[in-house]
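There are 2 protein chains.
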Amino acid sequence: MKKFVNDVDAMLRESLTGLVEAHPELLRVEFEPTFVARRQVRAGKVALISGGGSGHEPLHAGFVGRGMLDAACPGQVFTSPTPDQMLAAAEAVESGAGVLFIVKNYAGDTMNFQMASEMLPGDNATVLVNDDVAVENSTHTTGRRGVAGTLMVEKMVGAAAEAGATLAECKALGDRVNAATASMGVAFTSCTVPAAGRPTFDIGPDEIEVGVGIHGEPGRRRAAHMPADAIVATLLEAILGDLRPERGRRLLLHVNGFGGTPLMELYLLHHVASRQLRQHGLEPVRSLVGNYTTSLEMAGASLTVTLLDDEFASLWDAPVQTAALRW
Amino acid sequence: MKKFVNDVDAMLRESLTGLVEAHPELLRVEFEPTFVARRQVRAGKVALISGGGSGHEPLHAGFVGRGMLDAACPGQVFTSPTPDQMLAAAEAVESGAGVLFIVKNYAGDTMNFQMASEMLPGDNATVLVNDDVAVENSTHTTGRRGVAGTLMVEKMVGAAAEAGATLAECKALGDRVNAATASMGVAFTSCTVPAAGRPTFDIGPDEIEVGVGIHGEPGRRRAAHMPADAIVATLLEAILGDLRPERGRRLLLHVNGFGGTPLMELYLLHHVASRQLRQHGLEPVRSLVGNYTTSLEMAGASLTVTLLDDEFASLWDAPVQTAALRW
Chain E
1 MKKFVNDVDA MLRESLTGLV EAHPELLRVE FEPTFVARRQ VRAGKVALIS GGGSGHEPLH
61 AGFVGRGMLD AACPGQVFTS PTPDQMLAAA EAVESGAGVL FIVKNYAGDT MNFQMASEML
121 PGDNATVLVN DDVAVENSTH TTGRRGVAGT LMVEKMVGAA AEAGATLAEC KALGDRVNAA
181 TASMGVAFTS CTVPAAGRPT FDIGPDEIEV GVGIHGEPGR RRAAHMPADA IVATLLEAIL
241 GDLRPERGRR LLLHVNGFGG TPLMELYLLH HVASRQLRQH GLEPVRSLVG NYTTSLEMAG
301 ASLTVTLLDD EFASLWDAPV QTAALRW
Chain Y
1 MKKFVNDVDA MLRESLTGLV EAHPELLRVE FEPTFVARRQ VRAGKVALIS GGGSGHEPLH
61 AGFVGRGMLD AACPGQVFTS PTPDQMLAAA EAVESGAGVL FIVKNYAGDT MNFQMASEML
121 PGDNATVLVN DDVAVENSTH TTGRRGVAGT LMVEKMVGAA AEAGATLAEC KALGDRVNAA
181 TASMGVAFTS CTVPAAGRPT FDIGPDEIEV GVGIHGEPGR RRAAHMPADA IVATLLEAIL
241 GDLRPERGRR LLLHVNGFGG TPLMELYLLH HVASRQLRQH GLEPVRSLVG NYTTSLEMAG
301 ASLTVTLLDD EFASLWDAPV QTAALRW
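Sequence order for the protein chains is E and Y. Residue numbers for the first sequence follow UniProt numbering, beginning at 1 and rising by one. Residue numbers for the second sequence follow UniProt numbering, beginning at 1 and rising by one.
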C-alpha cells in the first residue's frame, strides 16, 4: 500500500489538522471528540451538522462554512462517527435556533446520529439522505444509500439557514431536496482503506461495477467496460426512472468523481450527460463537476440529478464559502 | 484501459465542450484551432495566454477567468499546442495592451509559443516557467521543467493585469514570481495516456519515483516507499536548497495532487510540510491544497513553495473567478 501516511492510526488527525491549517480563517478542529466547525458561529441561525466516515473528502468537512454546514463529524475511514462527536459539535455551534443533522443513510450513521438526537437537550431534527438509486438495500444499509446528492441537500439547506429559515423549514426543505435528487455511479477500480492495506474488492481489467457504493459496495451488476455514452445512458435511465421528471423540467447536473478519475474525463461525462438529458427533453441549467464525494482513490464517477424549481435554483446560486465549494 | 471515453480522437473536444457547458457564464471554446477564452474580454488589459498539453486539468483552461488567464490553448494529451492556436487565441482576447504568453519549459511548448510570438503582429512577451528543481535537463526539456508553480505565476500576474499593469510590468512580475517559486514531486503510480492505452512507466508495488515530471518523466531516483515525513523532508530539502530563504521568510505552500491521490492524503502532506517549514524557521502564511496540475490519474503529489513579499501576498489574495480557482 503506497499512501502519504506516517502512522495509519494518526492519519485522520494529521489530515484534519492540515485542512484547518490550510483554511485558518474559516475552520477550527477539535479532537477528543473530533469535529470540524466554522471559526465564527452566527447567533440565531439553525445549526447544520453533518458527518460520516472519512475517505469521502472533501465531504463533509470541506463543506463547513458560510452558506453550508456549521460543523462536520468525521469518523475513521469508512467508519461512522460516534454520538459524543455529534453532541460536542452541537454544543459548539448551536446558537438558539436548534440543530439540523444531515445524515447519509447507512446503518451505523443513522444509529449514532439518532442516539445523539435523543441525547441532545435542545430542539433538533434530522434529514436522512438516500439519493442512490442503484440498489434498495446494501452492505451497510437498510433502504437506499446516501451518496453525492448529500452535497445538494447541504448546499440548499445551508443557504436557507443562512437566510433565516427555521428548524422546521430547514428540515422540510432538506426532505424535499432529497426527494428531488437521484444519483448512481460506476467504478473502474477499488480503493484501499489504509487500515486494511489491500483493495476492498477485486475487479478485472475490462470490468466495471455498475451502481457501486461509495465504500466500494456492490451495485447492480458487473459489466464489461463500455463507451462513455453507454455508461451515461445506463446511469441516466436509472436516475430518470426514479425521478420521472416532466418534459421541459430544469435540473442541476452533478458529475462527481470518486477520486481516481481525471477531471478531463469528468468534463467529458458532463458533456455526454447534458446532451442525453436534452435528448430526454430536459434542461440542465446548473452544473457541478469535480471530486466532491469520493471513495479515497477509487476510479469511477457518479451522476446526480436534482430537479429544480425557482426556490431550489436560488438556494443553489446563493453565496457559499467553504474549503471545497465557493462562489 | 478503463477510461470514460467514446473515441480517443474526440476526447479533447468532448471534454472541453463539457467544461464550457459547465461554466457558460465564464468561458467559451473555439475549435479549429482550439482555444478556451473568457466570455467577456476586458478592453485595455494585458491579455494573458497560457497553454500546453492536455492531461494536466484543471491547468490551464480551468484558470481562465477574471483575475487570471484570458485564454488557454490545450494540445492533445501531453502534446504541445500549435502556433495557430496561440495566434487565434491572441486575436480573440488581445484588447490593446499587448499579449503575455505564460509557458511551461518543455521543448515543444517553448518552440511553438516562440513561433507564435514572432508571428504575432502586436506587442507581446513571454514568461517561461521552470520551477521544478528535481532535474536540470529531462526527457522533453532543456533546463528545468515547468510544473505546479505555473499556477502561482498565472494567479499573481493575472491579478496584476486585472489591476492595470502594463505588458512590461506583467512580464517582469512573472519572471520574479517564477524565480521565487520552486517545486518537486513524487509519484507512486504511472498514468495511462489515452492514445497509448498502457501505463507510461512501470513501478514496483513498494517503489516511488522521487522528482517525477508531470508527464511521468523520470526524476532524480527510484526509492523505496517512505513515510510521509521522510517524503516531505526530501522534497523540501531540494526546494529550500534552491530558494535559500532567510529565516522568518513568509511563504505560500502549495500541495498539488497529481490526480490519483485522495484529498485526505494531500491535507496530511500540508500538515507535515507546514510543520517542517516552521522547523526551518519559515512562515507558511498562505496555502493551496488540491489537484491543480495533474498527470491524468497518476498517484503522487508535489510541493511548491513561493517566497512572499507584501506585493506577492496581495496579488495572491486578489479576487479570482475561474472554473478551478475562485475566491
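Bear in mind the hints are in silico, worked out from the structure with no lab data behind them. Warning: the hint list may mix true and false statements.
Subject to a maximum C-alpha distance of 30 Å in a straight line, what follows is the list of computed BS3-like cross-link-like pairs (lysine-lysine) [said to hold, decoys possible]: (1) E:K2 <-> Y:K3; (2) Y:K3 <-> E:K3; (3) Y:K2 <-> E:K2; (4) Y:K45 <-> E:K3.
Stretch by stretch, here's where chain Y covers chain E in the computed footprint (C-beta under 8 Å, at least three residues) [what the hints assert, rightly or not]: (5) 82-91; (6) 105-115; (7) 262-275; (8) 288-297.
Each residue gets a CB set at the ideal place from its N, CA and C atoms; glycine is no exception.
Hints, one by one, checked against the model:
Taking the CA atoms of E:K2 and Y:K3, the gap is about 22 Å. The hint holds against a cut of 30 Å. A threshold of 30 Å between alpha carbons decides the hint, and for Y:K3 with E:K3 the separation of about 23 Å falls inside it, so the pair holds. A threshold of 30 Å between alpha carbons decides the hint, and for Y:K2 with E:K2 the separation of about 21 Å falls inside it, so the pair holds. Straight-line distance between C-alpha atoms of Y:K45 and E:K3 comes to about 44 Å, which puts the hinted pair past the 30 Å bound.
With 0 residues bearing a CB less than 8 Å from a CB of chain Y, the stretch 82-91 of chain E misses the requirement of three and the coverage assertion fails. Against chain Y, the stretch 105-115 of chain E contributes 0 residues with a C-beta closer than 8 Å to a partner C-beta. That does not satisfy the three-residue criterion, and the hint is violated. Given a C-beta distance limit of less than 8 Å, the hint that chain Y covers the stretch 262-275 of chain E holds, as 12 residues qualify and 3 suffice. Only residues whose C-beta sits within less than 8 Å of a C-beta in chain Y count toward coverage, and the stretch 288-297 of chain E has 6 of them, enough to reach three; the restraint holds.
Hint compliance for this structure: hints 4, 5, 6 are not met, and every other hint is.
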